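Peer 1: Could you build all of it, start to finish, from the sequences and the hints given here?
Chains A and B, in that order, give the protein sequences.
Everything in the first sequence is counted per this note's numbering, starting at 5 for the first residue and increasing by one.
Everything in the second sequence is counted per this note's numbering, starting at 2 for the first residue and increasing by one.
Hints were generated in silico from the structure; no laboratory data involved.
Since this is a predicted model, take the numbers as computed values, not measurements.
Ideal Cβ positions, reconstructed from N, Cα and C, are used throughout, including at glycine.
It is possible that some hints are incorrect.
[What the hints assert, rightly or not] To give an idea of the interface, some chain B residues facing chain A are shown, with a C-beta separation under 8 Å as derived from the structure:
1. Ser57
2. His93
3. Met109
4. Ile114
5. Val115
6. Ile125
7. Glu348
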Amino acid sequence: MDDTTLYWQALNRALDSEMAADDSVIMLGEDVGLYGGTYRVTEGLMAKYGEWRVRDTPISENSFVGLGVGAALAGLRPIVEIMTVNFALLAMDAIVNMAAKIPFMSGGQFAMPLTIRMPGGVARQLGAQHSQRLEVLFMNVPGLRMVVPSTVQDAWWQLRQAIRSNDPVIVLEHERLYFSKGPLDETADPPPPHQAVVRCTGADVTLIAWSRMTEVALAAARSLRDDHVAAEVIDLRSLLPIDWTTCQASLDKTHRCLIVDETSRFGGAGAEIAATLQERCFFSLDAPIARVAGLDIPVPFNGALEESCIPGERDVIDAVHRLIGRP
Amino acid sequence: MSRDLLRRFVHDMLLARAFEERAAQEYTNGRIRGFLHLYPGEEAAAVGVVQAAEPSDYVVSTYREHVHALVRGIPARYIMAELFGKKDGVSHGMGGSMHLFDRERRFMGGYAIVGETFPIALGIGYAIACRNLPEAVICFFGDGAANQGTFHESLNMAALWRIPVLFVCENNHYQIGTEIHRHSAVTDIHKRACAYAIPAEKVDGMDVLTVYEAARRALDTIRNEGGPHLLELETYRFRGHSMADPGAYRPPAEVQAYLRDDPLAAVIRRAETVDPTPGKHKPPLTDAHPPSPFRGRAWEALGDADIEALRTEVMAVVDDAVRFAEASPDPTLDDAWRDFHRNHAQETLI
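Peer 2: So, in structure tokens, the structure goes:
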């Protein structure tokens with residue numbers, strides 16, 4: 005086990021390992037083949053598996069995701085890469101109307117072993133069209149599943165679990181995580197794909213985060229320790245379904261909860277989490293569940309403004325102080 | 002052989018007409034609800050194309066797909082039960098009229114968003130090509146669907162990678178209420194295929210033998226030479242777009258003219274003739290287009306008695322289908338959850 009694996013490399017190894025293990029696993033997307041993927045995730049795979057299994061597609065998102073749906077109906081296990089979540093808007097028909105519906109509409113006759121990988125989130129000054137957090141668009145679609153790995157280890161585990169699943173699974177990666185480093189143990193047994201994990205324990209307040217916001221929450225928790233506040237950080241790892249049991253156990257202990265949400269606040273992912281936990285944990289709470297979230301504005305290009313549109317460590321610390329009633 | 006095939010055509014078209022007319026009645030009686038898109042007038046298209054396919058081929062269809070499903074061999078009672086929303090329906094009452102699926106018969110669904118059949122068929126074809134199998138996909142679509150982005154996106158990819166799909170345009174001249182000259186700059190849908198170097202032809206979609214022969218030729222080419230093919234069938238729907246549509250936007254003279262060209266009446270007339278002269282149906286006789294089984298061969302006609310027997314037979318099938326659908330129970334919410342969770346029943350999610 006080493007400490008130097010990059011997030012994209014873990015994804016790359018996961019793809020390689022599943023393709024080696026199962027001939028029916030194929031991959032397609034824009035520039036996934038010869039170019040090796042815009043974030044290097046598919047590097048070297050076309051040379052190894054050939055172009056029928058690693059297919060460069062034209063810029064036709066709705067049809068190449070739909071191709072993945074059709075191929076899954078005929079027994080392949082396709083992995084479709086959408087270059088960024090922003091382009092998934094062009095493929096919503098394939099994702100929402102086809103992939104999520106066919107297994108059910110067929111009365112359970114068909115499986116849908118389709119994996120859709122794409123990065124989301126605010127990167128660095130890519131402009132409003134390339135800086136979206138669209139988790140909620142998928143969360144409101146029964147029939148889909150969505151994992152949001154925040155660590156190198158989870159990138160490895162959760163992508164492989166998605167490929168092996170018979171449901172359509174969205175693997176929502178993050179543009180700012182591709183070059184993050186961490187330990188990777190390729191032999192360890194994974195937890196279930198949608199189980200949340202406690203990344204850091206504490207008794208005063210629970211911070212709930214996912215994807216890149218887990219880093220932000222953990223950094224805030226470290227700083228809060230200096231202020232003698234013990235924050236527990238839960239990494240959801242999945243937004244569809246959500247592991248409420250792990251959240252509830254933590255809230256029963258801390259009695260306070262802050263959701264750290266990169267999506268825009270209004271109707272964002274945090275809204276669903278707050279509403280459900282409020283219902284489940286009302287009598288253990290000492291304060292209303294609070295949220296720090298993205299501003300309800302398209303992301304400006306200017307770097308400083310961009311940062312101010314999404315939660316940072318300082319925002320989390322301030323929100324925790326407000327929540328526990330200390331200045 | 003020819004006689005059997007002709008008999009099969011007459012049977013399928015009689016069944017298709019009887020099934021759809023009965024579905025309309027059941028809708029009027031309130032036993033079928035929701036959207037109901039019926040097929041009378043277009044039977045030659047479904048029967049000619051689907052009968053030309055092998056059992057190992059796949060069929061991808063639209064929301065007007067009851068007849069495609071019937072011809073593919075799905076028993077009428079399971080289709081009718083699905084129209085009724087019952088548990089014994091082909092999709093367990095979860096799909097409905099527009100979403101018939103039968104995995105065993107490779108009937109890969111009816112799709113209710115116009116233009117979805119293209120990428121679905123492309124993907125199934127991709128799986129076939131990946132494995133180098135001698136199979137093909139039949140992809141039905143209407144004239145209106147040719148203006149969706151997926152038409153162009155999917156035809157491009159199908160041609161680029163030589164995917165074995167037979168794209169079949171059922172051109173009935175209307176996208177709901179908008180006549181083709183008001184929705185398409187180029188009204189010959191097959192001409193658009195040349196933009197993607199896909200061989201294409203247009204044939205009379207009111208004549209089942211012509212359709213069958215064209216589909217056979219196209220499927221042979223796909224199997225022998227690979228790559229996609231496009232067939233445009235000129236046809237007409239006698240009814241409105243759905244049961245909710247009286248079709249008032251169509252000139253009565255136009256409807257009357259097409260009614261005189263009824264494909265069902267035509268196939269019966271033909272069946273009663275000893276030598277069906279191919280006349281206006283003339284695919285070129287080249288090596289690539291072997292002579293049709295109907296041409297230049299003396300064959301026995303079907304008599305009035307045969308036709309009547311077939312009529313009686315299909316009426317009995319349709320009556321039975323309605324009785325079966327009525328008797329079938331409604332699915333429960335438990336059934337729905339079971340179907341919903343089926344694909345991860347063995348998996349630990351959390």
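Peer 1: If a hint holds in the structure, say so; if it does not, say that too.
Peer 2: Quick rundown of the hints versus the structure:
1. A hinted interface residue such as Ser57(B) counts as satisfied when its beta carbon comes closer than 8 Å to some beta carbon of chain A; here the least separation is about 12 Å, so the hint is violated.
2. For the restraint placing His93(B) at the interface with chain A, the shortest Cβ-Cβ distance is roughly 3 Å, inside the 8 Å limit, so the hint holds.
3. About 6 Å separates the beta-carbon of Met109(B) from the nearest beta-carbon of chain A, less than 8 Å, and the hint is met.
4. Interface hint at Ile114(B): satisfied, since its Cβ lies 5 Å from the closest Cβ of chain A, which is below the 8 Å cut-off.
5. At a threshold of 8 Å, the smallest CB-CB gap from Val115(B) to chain A is about 10 Å, leaving the interface hint violated.
6. For Ile125(B), the interface hint holds, the least distance from its beta-carbon to any beta-carbon of chain A being 4 Å, beneath 8 Å.
7. Using the Cβ-Cβ criterion of 8 Å, the hint placing Glu348(B) at the interface with chain A is satisfied: the shortest such distance is roughly 6 Å.
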